[in-house]
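Use these hints to put chain B onto chain A, whose structure you have.
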Amino acid sequence: MNAANTYEAIVIGTSAGGLIALASILKGIPHNYPLPIIVVQHRAKDPKDLLEEVLQSKCVIPIRQANEKESIQKGTVYIAPPDYHLLIENDRTFSLSSDELIQYSRPSIDVLFESAAAVYRNKLVGIILTGANHDGASGLALIKKLGGFTIVQDPLEATFPIMPEAAIQSTQTTHIWNLSAIQHFILHIHSDQ
Amino acid sequence: MNDVDGKELKSLLESIRFAYGYDFTDYSEASVKRRVALYMSNKKIKSFSDFSNTILKEEKAFEEFVQELSVTVTEMFRDPLFYKSLREHVMKRLATYPFIKIWVAGCATGEEVYSIAILLKEANLLDRSVIYATDINQHSLMIAKEGLFSIERMKEYTSNYQKSGGKESFSDYYISKYNSVLFDKSLRKNMVFSSHNLAGDKSFNEFQLILCRNVLIYFNQHLQNRVINLFHESLCPFGILALGNKESLLFSEKRICFDDIDKKEKIFIKTK
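Sequence lines, in order, name chains A and B.
Be aware that the first sequence starts at 17, since it is given in the working numbering, and climbs by one per residue.
Be aware that the second sequence starts at 6, since it is given in the working numbering, and climbs by one per residue.
With the rest of the complex left out, here is chain A (with noise of 0.2 Å):
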């Protein structure tokens, strides 16, 4: 990679098969990673779901919910709380939504990616994995259209393959790697920080 190629943020989503597919992707990440991980894993708008302390359970980086006018810090993985789309504003500050659900979700991939697009521009990592509908798909081609770094779990490798298809679909070429091969990019990842 060469220098003009660094990042400010790393935004993933997922849908079903999410939660082993994030696990083995953060465990291995520092808590001292130069990026903030921003991540959509679609979820049931139970509260009682612990999406967050079991991902914890696993991993050292720390990994939060996403809180309202939060500024975004690196080295941390801030997961989309339920029943809420989480969308990233200029001054790098989150902003929730309660607008109607899209590919039936909400949180939804393409609400966040699109938003983190705008934002990020070409400093930007998006990354789809396992996942049972479309959602993302249109978020990851808009990262792709403003210059982002692209990549999609290989569907042979995915639970559901069907989200990381979509994705490849709209984007037409984009990186489509296995988690281990994921990981060793955010791992080795340079940033502007």
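Errors might be hidden in some of the hints.
[Said to hold, decoys possible] Covered, in the sense of this in silico footprint (three residues per stretch, anywhere, with C-beta under 8 Å from a C-beta of chain B), are these stretches of chain A:
| # | region |
| --- | --- |
| 1 | 78–85 |
| 2 | 128–140 |
| 3 | 147–153 |
| 4 | 181–193 |
It should be emphasised that the hints constitute simulated quantities derived from the structure, not laboratory data.
Backbone N, C-alpha and C define an ideal beta-carbon position, used for all residues, glycine too.
Frame of chain A; chain B shown alone:
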């Protein structure tokens, strides 16, 4: 999806404020951008400058855009544990007043207003209550006023109602009509619906309870602060303020004027 330029958007929002008196300049930029992109794609408008010109020249297009900008999607008894907490901690406080005034700010299509009316009825308080329900979106207000909701969602609402501690038969509150249900007149008789713009309009009464759930998230910190000030001014001493699950008084200079009634469910009481 279109990529809307932040500077162009700011300049359009300034022009809208000048031309129509609606101030969206302190709305969350990410949300407004998303709404603009959706509006342009629905209307097949190709460029931002075409969009800008249409909005500024045609009042009807502007009105449609306001509808688009302020549509939010909610449900009856959304977050049942919030309503449970209202039943347990707030109803008994309201019962101490001879006459109860409630403001549902940003009521959208009214699901929350009817939920509150049901709580009041079950606490035997509805007859001495008036619920003022306001929104910036005229179209949403019309729907709210009618009290007609889609029958498809009643299963979900019934389950929410039960989780909130409701003991009655939920279907007794409405009658089915084709694909809709109409909520009972007795719930609606003490509701007042009217247009109010949190970004510009002033306080219009004094309330014992203000609900404003999932509205502040659409505003930047500056406007959130302004609106909390407006609520503080509109609450009686020891009046109660209820926000959405992910909202807080964190950015407000009035934070010290409120104590928690239920920290998790974001229910506050005005103490000074």
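We went through each hint and held it up to the structure:
1. Only residues whose C-beta sits within less than 8 Å of a C-beta in chain B count toward coverage, and the region 78–85 of chain A has 3 of them, enough to reach three; the restraint holds.
2. Proximity of the region 128–140 of chain A to chain B, defined as three or more residues with a beta carbon under 8 Å from a beta carbon of that chain, is established by the 5 residues found.
3. Coverage of the region 147–153 of chain A by chain B is violated. Counting CB-CB distances below 8 Å, 0 residues qualify, and the rule asks for three or more.
4. Here the region 181–193 of chain A counts 0 residues with a CB under 8 Å from a CB of chain B, which misses the bar of 3, and the coverage is violated.
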